[in-house]
Each structure stands twice: as C-alpha cells, then as structure tokens.
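Trainee: Taking the hints into account, I'd like the entire structure generated from these sequences.
The primary structure of each chain is shown beneath.
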Amino acid sequence: MIGLSHYLIVSALIFSIGLMGVLRRRNLLMLFFATEVMLNAVNIAFAAISHYYNDLTGQMFAFFIIAIAASEVAVGLGLLIVLYKKYGSLDLDDLASMKG
Amino acid sequence: MYEAVAFYLFSVLTIGLFLITVMSKNVLYAMTSLAAGMILISGFFFILGADFLGVVQLIVYVGAIMALYSFAMMFFDATRDIKEKNTNPALVFLLGGLSALVLVLMFAAPIHSEAIQALYPMHEGVGNAQDVGIVLFTKYLVPFELAAVMLLVAMIAGIILAGKKMDQSLTEDMSADDEILIQKDEK
Amino acid sequence: MDNILSVLVFFPAIAGLLGFVVNKDSARAYGITVAAIEFFLSLWLWLSFDSSNAGMQFVELIPLIPDMGIGYYVGVDGISLFIILMATLMTLIGMMSMTITKNIKNMIITLLFLEMTMIGVFVALDAIIFYLFWELSLVPMLYIIGAWGGPLRVYASVKFFLYTFTGSLIMLVGMLFMAYVYHNLTGVWSFAITDWYSLVLPVNYQLWLFAAFFFGFAIKVPMFPFHTWLPYAHGQAPTIGSVILAAVLLKMGTYGFVRFSLPMFPDASVMMITPIAILAIIMIIYTAMVAYAQKDIKQVIAYSSVSHMGIIMLGIFAMNAEGISGSVFQMLSHGIVSGALFMLVGVIYDRRHTKLMSEFGGLASVMPKYAVIFGIMLMASVGLPLTIGFVGEFLVLLGFYQVSPIMTILAGTSIIIGAIYMLAVYKKTFFGPVTNEANKTLKDLDSKETWSLIPLVLIVIWLGVYPKPVLEPIDNSVKAMVSFMHEKAITQEAKDMIKVAKTDKGGF
Amino acid sequence: MLQPINVSLESLNLITLAPMLIVIAGALIILILDLINNKLHKSLYVMLTLLILFVDFGAVLGLNVNERGFFDVMLIDGISIISQLMIIVGSMIFIPLALTSRRFHEYSYPEFFALFLFMIAGFQFMVTSDNLILIFVGIETASLALYTLIALHNRSNSYEAAVKYFTMGALAAAFYAMGSAVIYGLTGSIELYKVAEVMATRINETGLMIAIFGSSVLLLVAFSFKLSLFPFHTWAPDVYEGASAPLAGFMSVVPKIAAFVVSIRIFGMYIDLGVEWVRIIILVMAVLTMTLANIMALVQEDVKRMLAYSSISHAGFIMAALALDTTEGTTAIFLYYALFMFTNLGAFSMLWISRHKNRRFDARYDHPYEKFAGFIQIMPVGAVIMGLFMLSLAGVPPFSVFWGKIYVMQAAVNAGYVWLAIVMGLNSAIAAYYYLKLIVYMFLMDPVKDVDTIYYNLSKPLMAVIGLATLATVTAIFYVQPLISYLYYMISASGY
Amino acid sequence: MMENLVYIALFAPFAGSLFSALFGMSPKQTFVGIVASSLLFISFAASATLAYHVYSTGAAVHVTMMEWISAGDLTIPFGFLVDQVSVTMMTVVTLVSTVVHIYSIGYMDHDKSFNRFFSYLSAFVFSMMILVMSDNFAGLFIGWEGVGVCSWLLIGFWYHKADQPREENPSISPSWAANEAFIVNRIADLGMLVGLFIIYWNVGSLQYDVVFAAVPELSGSVLNAAALALFIGAMGKSAQFPLHTWLTDAMEGPTPVSALIHAATMVTAGVFLVIRANPIFSATPEVSFFIAALGTFVALFAASMALVNRDLKRIIAFSTLSQLGYMFAAAGLGAYWIALFHLAAHAFFKALLFLGAGNVMHAMDGELDIFKMGGLKKAMNWTYIYMGVASLALAGIPVFAGFFSKDAIIETAFNEGTYVLWAILVLTAGMTAFYSFRQVFLTFHGKARYDESTLHPHEMYKFVLIAMSPLALLAVIAGFFMGGFQTFVTKLLPDYVMSDHTHHLIWVLTAVVLVFAVGGIWLAYKKYANGLKRDEELENSFIYKLLANQYYIPQFYEEFITKPYAMLSEHMWKDVDMKIVDATVDGIAKFLYKSGDGTRKMQTGNLSNYLNWMALGSVLLLVVAAISAMLS
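Quick mapping for you: the protein sequence lines, in order, are chains F, C, R, P and D.
Under my numbering, the residues of the first sequence are numbered 1 to 100, in order.
Under my numbering, the residues of the second sequence are numbered 1001 to 1187, in order.
Under my numbering, the residues of the third sequence are numbered 2001 to 2508, in order.
Under my numbering, the residues of the fourth sequence are numbered 3001 to 3496, in order.
Under my numbering, the residues of the fifth sequence are numbered 4001 to 4632, in order.
Note that these hints are calculated values from the structure, not bench results.
Just so you know, these numbers come straight off a predicted model, no measurement behind them.
Backbone N, C-alpha and C fix where the C-beta goes; we use that ideal spot for every residue, glycine too.
Hints may be right or wrong, so weigh each one.
[Said to hold, decoys possible] Where chain P lies over chain C, by a calculated footprint (3+ residues, C-beta under 8 Å):
no. : stretch
1   : 1067-1077
2   : 1104-1111
3   : 1115-1129
4   : 1132-1141
5   : 1146-1155
[To be verified] If you anchor each label on the Cβ, the simulated ranges turn out as follows:
no. : chain 1 : residue 1 : chain 2 : residue 2 : range
6   : D       : Met4066   : R       : Ile2454   : 22 to 28 Å
7   : C       : Phe1137   : D       : Tyr4593   : 58 to 64 Å
8   : P       : Val3284   : C       : Lys1165   : 42 to 48 Å
9   : R       : Thr2274   : D       : Pro4470   : 54 to 60 Å
10  : P       : Gln3003   : C       : Met1001   : 33 to 39 Å
Mentor: Structure follows, in structure tokens:
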C-alpha cells in the first residue's frame, strides 16, 4: 500500500529538484520553470494529504496554488518582456547593475 | 497494486522529467519535459481522487501556462542552447541534496494522524467536482474572488508591461527643463 | 512664578525658532539679548531659590506618556541650580565674545537650542526627559563643531557624536531596566528620578545598573579610557564650541553620577569606589602628562579638562559631603575657568590663526592685559587658594582622603603636574623674548574681549574668596543626599563608607 | 447526496469584507473611468484614490473587534484593524507623492492607481485572515501588483529590481506553500486557530518535532523574505534602489506591516505552543539582520540605498520584538511602524523632491551623498527637515522613532532580554553613523554643483506630505500616549 | 581697636598692591613706589603697635573676618590670630618689606615695569601676612600658596629674557627659574595638604587652637604622619634638601626680591610652620630629630657649595640655605624660640647683605661674578660697611646679631647631646665665616678686575642707603634683645633653657665656635684680601668641581626627572593616547566599516547569488531545525 509518506517524499524530492533548478539556472525563463516545478511539488503534497485525511482543504489549496502560478507566469513574463527589450538578454549575469 | 505501479511509474517519470527541466541546456527540452511532468502530476491527482484538480492542472498548467511559456520562448528567441555560467555545482547539489534530505526526513515523520477529523470531508458517492464546488463557493468564496482579482491584476500587469507605452520612458527622458539644467551645469 | 524652570528651558528654544526670522545682521544682538534675558531669569531662579531647603524646588510635573511612566518632570536643588546658572552665564559670555562672522545667524540659533538642551538636562527629574535633552544636546554641538571648526572638524564632530551616543544608548538600556525593576516592585511604571530614589535594589542589580549608567556618563565626562573624543572635539571646535563643551556639556556626565548613580545605587557606588578612583587617578596623572606633551595650546587645555574632570570624579566617589560638595563646586569652577581659558586661546587664534605654542613667545610684552587675565585663569586652573579652582579641588582631595590616603596623594599630584603643564604653556607662550615677527604687532584685548572676560575673572576671584553663597546650597543638598544614601544602603560596608555629615539638616 | 446549502446573509457578516470591497470597487471605477476617457489627468486619479482610501479608512474604523465573517475566513481582530489602518494611512501618505512637478512614467497610467488599490486590498486580505489560503492569495495579489508598480517606473534599474523581487518572491511563495502543506499534513487544517488547537494536542507526539520545526522554518523563510531578514534580505537594497523613492519608502513600511501581522499570527502561534526554537531562531536572525544591515549601510554611497539598508535594519529591530511574543512586544511592532512610517516616508519624500530624471551627480545613483552636500545653503528648511528625519531614524529623542525604539527596548527588557536591548542600543549607535553622514553632508559641507537644482521635483502636495511627516515626527511625544493605549487595547483585546 | 589694627596691618599691603596694579601697565610712576612703601610702613606701624600690645598685655588678638569654605563638617573661616609668634613675624616681615620697598624705588629706578614690580611686591607681603596671621592651617595654606605665586611672579619678573644653556647660566632664565620655584614648591605643598587632611580627619577642624588642644588625644602614628607631611611642606618653602635647587635659581629675580623673599621672609615660612605647629612637633620626637638632622645637613651642604661659588647673589643664597638649616636644627631640637630668634635676626642681616649685593650689582651694571670685581671699597663705602656688618653678623662674630642667635643654636645641639650635629654646626660656622668674607674681600678689596674704562661704579642713591640703615642697625644690635625676646615669645612657645652642664661649658663652647669663625675670616683674608690668585689645580680638582656644580644635583634633576618626564609625556601622548587608546576606538569604528565593506560583497547585484543566499539560508535553517528537532 502506498502511504502518505511516499507521496510526500516524492513531493519533497521534486521540491528539491526545483530548488536546485533555482540555484543553478542563470536564464530567467528557465528559472521560472524551476519555480513552477517547486509549486507543482507542493501540489502533490496537498493532494496527497487531502486524500489521506479525506479532506477537501488540501485540494482547495492546490487549486489556489495553480491560480497563483498562472498569475505569476503572466506577470513574470510581462516583466521578462520589458527586461528583454531593455537588456536584450535574460541572463542573470547581465542583470547586475545594482550591487553593494 | 495498480495504484502502486502507477505511483512508482509516475514518480520516477516525474522526477526524471523535472530533472531534465532543471538540467537541460535547451529551453525547448526543458519546457517539453516540464509540460510532460505536469501532465504526470495530474496523473497523481487522479490517483489521489482529486479529479477536479487533475483537470484544472491539465487545463491551466499544461494548457494555459505552457502556452504562455511557448509564446514567450518565441518572443525571446530562446530556441537555441542557452549558455549558462554555472555556479559552483557542488554548492547546488549540496544545497539541493541537503534540502531533499531534510524534507524527506520531515515527511518521513508520522505526519498522518488518524485522530484528525476532516473539516471539509469528501462525501461518499458524490463527484469530486461537486464536492470541490461546494467548498469552493462557500468556505473559499472570498479567496476565490480574491483569486479573480489577482488574475485581473496579473492581466493588467501583463498588458501594461508588455504594452507599447513602456517603450518610451518618461522617467529617463530628458524633457526641456532637464536640458536647461544641463546647460547650466556646463556653464 | 512656579513654572520658572519651564520658562528657562523653553525660552531659548522659542527664541531660537523666532530667530529664523531675525535679519542676519541683527542676529548677534538678538542672541546676546536673549542669552542675557535667560541669564537674568536664571539669576531670578537663584534669588527665589530657598537655600535652606535641600530638596527639589520649583517642581513641575505633567504626565506625557503615563502608560510608560514618562512625564515632563522638572525641578532644581542645590546641586543643579548653579550648573544651570553657569550654563546660562557661559552661553551669554560665549556669545558676547564670539568672533565668528560666517553664518552667524545659524550659530546664534544653534546656541540657543543648545542652551535649551543644557538647561533641560540639569532640570530634568524624569529619566527619559533627562535622556531626551542629553541626546538632543549632541546635535547643536555636532553642528557647531562641524560647521565652524578646524580642518578635521567633520571627523571630530562625528566622533564626538557617535561616542557619546553609543554610551548613552547603553545608559538608556539601564534606564529601561530600572523602570522595569520599579514596575516589578511597585506595579507602577515610572521614570521619575525621585521615584527611583525610593527603590532599594539588591546589590547585583545595582552593579549592573551602575555599569549601564556608567557608560553613558563616563564617556561624557570623559573618563579614561573613553576620553579621546575630547581632544579632537576641542581641538577642532570653534572657541564658542569649546567654551560650552568644556564648561557645561562635560558636566552632564559628572552631574549624572551625582544625580543617578550615587543615590540610586549606593552600594554599587561604594563597591565601585576603587575602580573608579583608579580610573580617575589615571585620568588625572596620565592626561596631565599628555597635556604636557601637546604642541597646541588648545589641546593642552583640552587635556587639562580631562585631568580636572578626574578630580571631579574622585570627589563624587568620596562618599562624604566634603568630597561631593567639592566636586559639584569644582564642576562650576572648571566650567568657568576652562571656559575662560578656551576663550583666551580663541583670542590669539583670532589674531594669528594658529594655536601652536611654537608660534608664540613673549606675548606678555605685547599683550599685557591678555597675559594678566590668562595668568589669573592659569592660577585658578592650577588651584591657587582664593581662586575658584582651589575650593573644589581642596574639598575633593580632603573628602577623598577619608577613603584612601594613598590614592589621594596620587590624585594630589595633580596640583604638581597641573602646574607643570600650565606653567610650561605660559612660559612658552608669554615669556621669553618676542621672537616671531608676526607677534610684534599683536593687539592687546579689545573692549569686547575684555568685557566678556572680566566677569569671569571677577567670578573666579569672588567665588575663591567667598564661595559660601554657592557652596552652601550645594552643601545642603549634598549632605541630605549623603544621609539618604546612608539610610538606603543595604550592605554594612556601604553604610560604613558613606559618611553622614553631623551638620546635616535633612530633607532630600 | 449533498444537502442544499443554506447560508444566511447575516452569518456571512458581510461588513467584514466591506473595506476590501470598497478598495476593489474603487480600483474598478478607476479602470472604467480610464476606459471612458483616457485623457484624464493623474491628479484626478490621485484624488480619487485618496478618497477611496479615506472611505476604506472609515470602513475599517467602523469594524468591531474580534469578529469573523464569511465562514470564518475573515478574521477581524485588533491587530487586523490597526494594521489595516496603518496600511491605509501609509498609502494615503504615499499617493499624493504622485503629484510631482515633473512627469514620471508610472503616474501616466491610470492602471497604476488601480493596481495600487488592488494591492491595498491584497494587504488587507492578508491581515484580516488566519486562513493560510486567503493569506497566500492576498500576499500574491499584493505582490504581483507591487512588482508591476516597481517596473512601471520604467528604467532599466526598475525592471531589474522588479525581476529580482519577483523571482525571489516566487521562491518564497514556493516555500510558503510547502510550509502550509506541512502544517496541513500535521493538523489537517490551514486555519491557524484550528492549527493551533490540533498542534497543541500533537506537540508531544514522538517524531513529529522535525516536521513542526520544519514547517516553521519553511514559513519563516517565506516571511523573512517579505520582512527582508538576513540572509533573505538581498533583494531589498536593489529593489529600493530600482524603485522610485516614494515606492521604496512605501515598501519599507506597508508591505512589512502586513507581513508582520501574518508573522505575528503564525510565529506567535508557534511560540505560544512552546516551540522555543522558533523564538531563538527569530532572535538570531533579527540580531543578524539589524547588525549586518547596519554595517552594510555604513559603506553606502547613495542615500536611498542607505535608507534601504536602514529599513532592513529597522525591520530586524522590530522582528526582535516579535520574538518576545508579549503584548508589549506586539504593541511595540505597531507603535514602531506607526512612528517609523511618517519619518521614513518623509525621508524618502525628501529624496523624491530632489529627484532628477538624469543622474547628475553619479553614473549609477540618483541620490549620492554628494548631491546633498551643502543642502543647508541651498534649501535651509529642507535640510533641517531632512536632518530631523535622520535624527529621528537614528533614534534621537524626542523625535518619533525614538519612542518606538524605547518601547521596543522596554519590551525586550520586560521580557527578560536585557542583552537584546543592549544589542539594539549598540546597533542604534552604529546606525547613527550613516544617518549622521547625511547630516554631515547637508550641514557641514559645501555644495558641489549648481545650487538651484536640488528641489527639482517639488510641488505643493509634496510639501504638504513632507510637512505632515515633519509634524508627525516632531510632535510624536504628544501623541505617543494615545497611540500606545489604543494599540495596546486593540492588541490585548485580540489576545496577543 | 586692635582688631582694626589687625586689618590695617593685613590689608595695607594689599591696598598698596591693588593701587600699584592700577598703574601696572603704565610707564614708571615714582609715586606708585612711594604710596606702596608708605602703605607698607603703615602696616609695619600697625604690626609694631600690635606687637607692643601683645607684649604689654600678653594676650593674643584673635579676629574672625568671615567664613570661607564650609562643606560637610568642615568649616574654614578667615580668622587671624595675632599672638607672640605671629606678631614677631609680622613685625619682621613688614619691617624688612618696608625697607625693601623703599630700596626698590631706587633699585628699580630704570625699569620700565616699575609699577608692576611694586604691585607684585606688595601682594607678596599681603600673602606673607596672611600666612603668618592666619588662625588655621587652611588660611596658612592660602598665604603659603600666595607667596608661592608672588615669588613666581617676582622671580620671573624679567620674563622677557631668553633661555640660555645651563653652562652659561645655571638658572637658565628668569621664567625658567620662576617655574622651577613654583613647581618645586607645589611638590612640597602636596605634603602640606596631606598634613591638613590628616589633621582634619583626625581632629575635625583646622583651627590651630582646636588642633593643638587635641594633640594629646591623637595616636603617635597619626601625629608622626601629620608632622612629617607638614614638614614636607616646610621643606619646599624653606628649600631644604632635596628641594633646594630652586632657591639659588630664584636669584634670577631682581635683588630686592631676593632680599625680601628668598632671604628674609618667604623661605623662613617653613621654619615658621614648624614653630607654629610646635605642639605637634613636640609630640613627635622622631620627626623632630629628623628635622634637626636634615637642617644640620643642609647647613653644611649649602655652606660647602657657597665656598667655591663665584656668583655674588648665589653665595648669599647658599648662605641663606645654610642658615635655614640652622633654624630647622634649632626647631627640630625643640628650641623653637631660638629658631624664631635666629629667623628674625637672620632676616635683618641677610636682607641687608642682599641689598648690599644689589648695590654692587647696580654699580657693576648687572655683573655678578665676584672674580670680576674687586676694589669697590673706594667707590661704595657705605655699601662696604653695610655688607661688612652683615657679614660679620652672619659669621657670628660677637656683638653682632648673628652671634647670639647662631651660637644659641649650636649650644642647643650640644645641650641635646647630639654632638655630631654640634660638630657639624660648628664646622659650618667656620665655613660660613670663610665664604662670607671671601665674598666681601673679593668684592671690595684688592684691585679692580673689571674694565675700568667702561665701567664706573658708583654708590647707590642716598635715600636707599638711609633706608637700609635700620637693617644695619638691627644687624648689630638685635642680639641684645635676646633675653627680652625669650620672655616674650615663651609665653606661647615652650621655653628652652640650657642645662646646667651646658651652662658651665658655655664659654668653652662659644670659644670653639669663635675660633672657627675667626679662623674662617682669617683664611679668607689671607687668600683674597689682596686680590684674587687663581689656583688652577684646586679649581680643576674633583671636589671643587663637585661643589661648583652644586654636587651635580641640578643636572641630575634635569637628566633623571625633567627630561624623562618630558619624554614619558611625549610617549604617553603619541604612543599610548594616540596609538593605543584612540586607535582602539578608531579601530572599532574602522573594523565596523571594514566589515561593512566585506559584507556588502554579498550584495553582488546578481540575482543568482541572491537566490543562492536565500536557498543557503533556508537549507541552513532546515538543517538546524532538523538537528535541533532530533536533539530535543
């Protein structure tokens, strides 16, 4: 029988993969992918917990997470567009005019 | 049994696909594997009986979000391989590994408790969509409405950020009075 | 006029605000007039002061933040009365003798605000109000040093500000803790000093609180080894800044010890006598030696200030009325004398734009009046009897002798080494042939300078010959305080150490 | 089969939702107005926004303490009311800053004002709920709007700032979601009052501690990001630099108040549950934050960036009060922000009036210290006011921030954390240096450039705002008492 | 009536000083000198009247003017006590002062700071009067310090003279000498202050009568400490070894100053203190003996240096030192009245000697080297007589004042059984006679050794010579009043009479002393009366050089005290204060600033780094959480 922990561990692993992505990615678009991965990992956790508690709240949360992810993408891409227009690049290394 | 097979299959595939997403140098591969991974995640949802969520996952993530990303990819002309200077991979793996370790340890704990009563229980013999709908439109009506506002915000944001008006910046434009000042400075 | 203290505190501030309107050509006259009125108000305060009453007088109390126990609470006793008088007097005289022409209006306004804060510190009976004025006094001083000072003015002013600020923040924690303890014991929030007096604290609390307050006060005094801001501040400050700084601002530290540390933590104070006395003696001897090595007259006087403040510190911890009264008197004396000395240095600085002793020599031949007044102040500074400097120093040493003869002898060397550096300055500057061409045509004191210095000379002699009008109220309050401390002390050692005067009339 | 659901309107307690509805409606009105006529001047929108905020303020003021509404999703307790009031007041100070004498890009969008109002609504939702979902959606609504507002300043710096903020925000959101998931897993609930109940029963179960700690850490990461605590503060200086000065000032106050309210609810819960570990870790982070931000602020060359670091440091200061978890500590948070708000916004407004479109003093910075050299000679009143703000920020009495500071320190002392009070004191001393640096430039140095250029952006509304901020800064001593009693009453009424 | 006289005696000099000070910055006004002198004469007259009053009634006059310092339990009034001791001092001081004042009118004739000089001089007398008249130790201390300051002012009167190396001028410059005098006195004053503190904390008062009444109740150690501390004060003012160097350097001052301050009055203040506080010293025999021993030593020590000195004024200064040693020897041995008597007698002839030296100096245009004089007898007959008389008195030749007083001291030493002291004192008497007459002969006898073509020595003004005559007269006759004096002062002071044994030997003792004195004179006559014959061998001998260089003590002080002090000060400032204390403070600030520079590097501006920080932070927190969860 697959227990809750199985799902949660998968979720944890995916979350860490997402975190690694965030750490190593230098391209903003790819970085956004990584954050999506992380959010998806959380969704698995919510759905699993929801299932095992027989409670709908987790699904609600996951539902809202999806909504949030969608909005974030919209805004994020909007930002990427203005940024790209200005810098002509999405590389984080080109994006370091403010420091100190 | 069938659940176990599905779970392990999905798990391995998802993890693999997301690893590609994170590791691949090619945007296209990364995006495709991301989309595929998300589809598989909806599979998890279906296994877990969250049918509605699975559908939403498919529509919103795989449909809408991935579509947005593909448009963006085209806009940014990011089909070629992306050169990324890698930050110290050891650090990346160390941090990723450590976080995985701790999270796994955390989730390996006996989080589940039989004693906990569901506040919004699923009902026997009622479709998931119905159940979700009732909770969503009663208890979570306010968040739902706020989510609508949030989406509106996102929409407005997307529109104005990508709009033409942003091309010319008033903030950095030197209007007439600025020029006067510059002349003064030169004197 | 029961609210004379509020008038005294806020009159200069309001005048300062209105001063923004005054035309800058008339700013000087305005400033002097305001300072004169303020001085006469403070004289009036003295006249209406009841010398036989050792307690607080002219008390005003307006709750400001009752939830925290903070209120506008002011009053004077014999200890603070004369410091206030000195503050108003030195402000007046400083303004009269001021030779600054650059941004004179800003200077006048700043000085008036500074006057408010100075008086505020000495009348405050609420710790937070005390702290408020204490901190606020840094700001005008920062501006005065920084805007009108010498080449290193910015460094000096910032150092002054930050150093003092750091110390006082630790003191603030002490105050907060004190209020907390008071709350714990009485259930009431209060920052009123008089309320805190009534608190009998366990010795370890006293020690910690003493330490916290010590940092605030010691840096201000400034005690060794926290003194290094002072030479810079004095060295760079314009004359008026040095005058006020030496005369009044330094006294805040020693006043703080008398007002807070002693009556609130008698046991801790007694326990700390030896360490503090050692520091004080180091201050006295070490800085006097450093003063001797200086090339710049003003630096000599700056270091001598530290040395004299050491005497004051020593007297405060004599734990008898002789020493503490002497200390308070010495605060006045040091204020007047070092203020005058700084003004005197300012005089030649105005003429020659240098303060290096090597630039001078034989000034006594060229500027006899100047030499005479400098000589009088020098003698007062080295504590010649019948000048103001003797009374305090004598009483302090006398008082501390009871605590430790050896340390008194060490501290007493100040009368020797004090003479050494002061006489060296005088010899290098005033004696010998006039070797520098530039000095041959120096003008003696003009009437403005003379008339601002003469009152100080008169005070120096008057209070040296007949200190009673000043010493008596001080002594009454101090005696009452000492017997209060004796009552309050919980350890037997402290009770033994704190010597109640037989002639105490009580009433603290 | 499911039963039909009967919901009585009264049980919904619609009034709890009224303030947000007003703001959202107002935003929609602005959008519609723009649709009808797109030639309308920004002043109209500014005034409309102000009015809407004013109505909002009234609506919040009219709320009763300790009510719930909408299936208990909405929670109107004392801290939600006071935080909403402070959010609105902060916004009301911020909005008139749009009325500069020069045109700036963001204000040419009516959407700017709509987004702003949506953001306020988001903040209000954040603070009026103990439901993690609503909090999350509120956070995101507000954040997304805020990212946009930053980017709308329309310079390369501001995009960069927005992107940085956005990306890190997305990461923080993931952590928040993960933390919520763990909490949900632990308690089967995401409503904090329920979470607290269940957690209290499970706290002694073996093997759970790691999950409880873990959940707190995940949430802490998310809120440390919002509150810019070390080492999650890295976005803050860049974002402040990239954003326009008023927005930077706004960001250093209003979003943080909202985030603090949520933090109080969440971490207060943990501490109340006896998870002492959370308190310790918060204290450590708070101390690190105030210290490191302070020493980094020391070496800044730009006033705005310096103020950014100083805001971080102040946040650390206040975070320490949160860790105390006493009524006084909580009161201190709000008191501090209430007092800090005026001063800080005032200081940023002063930067705003001196803002030029081209960087005349430095290739990178808009407000390098040199710009303010000899300010006293150019604009004496401005210099004095800016000096007052700096002194206030440095904690010189009797200016406003001082009272916040001693209240925080007193709270720390009362809670038995004397060492914390001393650390706070020493930090204030370090901080004094960089505030002083500006004062030194303004008062003690001579101007480096033409003298008539500095108050370039000045206008009457800005003067009014600055005047108000000055008044509030200087007269703090007179209103601190009512403020404290009100805050204390509200906070103790809601049980914190 | 008597009270008024007290005030007149006290304040007349003060009035004179203030009056002169009014004209302090104007050019010379002769009337200033006249007014000041007249006021001093008034003071003298008042003192003399008081003396008569005290003599005739035997009762002291005690007045309290007002309260001075009152703090805690301490109350110090301005109180004045005119009793047998103080009235003696008052009379001597005012008498000598009056003479010196008048003398100065002539002597300072050409000085542009004439008025200032009188102001200082009268101020000195005022201080001295306070010193002797005060009825308490604190008042004495006022005068004590006051005379110190006036001495400083007067030694440094010619402040405009430049510093010279010690080889050219052993006292470097007037201003240097003034400072030296002041500082050395201050060292001793500290001892004095400590004495006051001891007395106050053990008695509770500083009034003489209270203190002396309490002496029997005090423990021996307290008394010893008090006596020693007070004597340290006395050592400074009376220039006892090792605080003696300032006195010879003080000769940089104008000669009337040397006469008044550094011979007749101020330097005897130490002796006066011991006499005044005789109840304390009587109760402490060990300290008293130490005083006597030190006095005897100084008598010999100073006389030895005078033997070879070539400076007219310095010789007299050494002789003053030596005589002060005598006085201390007497006081230390308990013969207070003899000490006081020698003090008075010494004041007369020593002042006379100095004033005579002043005449010589005046005539020689400031030249002081007796090797460059000679044969002045012709030109300056009166001066010759005066100095001769004074020298005879100093040498202790019978009939003259010094014979009686000094002889009594020597007898006392014998009487006390301290034969070593006696022997030394006798030897010193011989040396005294030798150097006094060496100086007289070298100055007045023989041939002129100065350039007669440029220098024409002439006698002093008549009025000056007349003014000096009272001193000369007293130098001759003062000894005859010894008996009367004894009965007068022993009403207050403990009487001291020789034991029968000494009484029997008195003629022998006197003869021994006389042999030495006459022998000294004879030796001086043989060697110097017929001109100077330099003895190169002797002058190059070690002893001679040692003596001529004052045992190298000034050099020692300079090398081992003055210079190290200056060096140490310099180190304290530059190395300790700047490099340690201040550098620590700045170091903390710099450290903070540096660490700011270091920390800001984490703010790279690169989002990737920021994300790394964030992840690092969160993972770290997670790990810490996990570890602490496992631990708990």
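Trainee: All hints, please: hold or fail.
Mentor: Structure-based check of all given hints:
no., hint, in the structure
1, 1067-1077, "violated (count 0)"
2, 1104-1111, "holds (count 6)"
3, 1115-1129, "holds (count 8)"
4, 1132-1141, "holds (count 5)"
5, 1146-1155, "holds (count 7)"
6, Met4066/D x Ile2454/R: 22 to 28 Å, "24 Å, holds"
7, Phe1137/C x Tyr4593/D: 58 to 64 Å, "60 Å, holds"
8, Val3284/P x Lys1165/C: 42 to 48 Å, "46 Å, holds"
9, Thr2274/R x Pro4470/D: 54 to 60 Å, "59 Å, holds"
10, Gln3003/P x Met1001/C: 33 to 39 Å, "36 Å, holds"
Figure legend: structure checked against the earlier numbered hints; the only hint not met is number 1.
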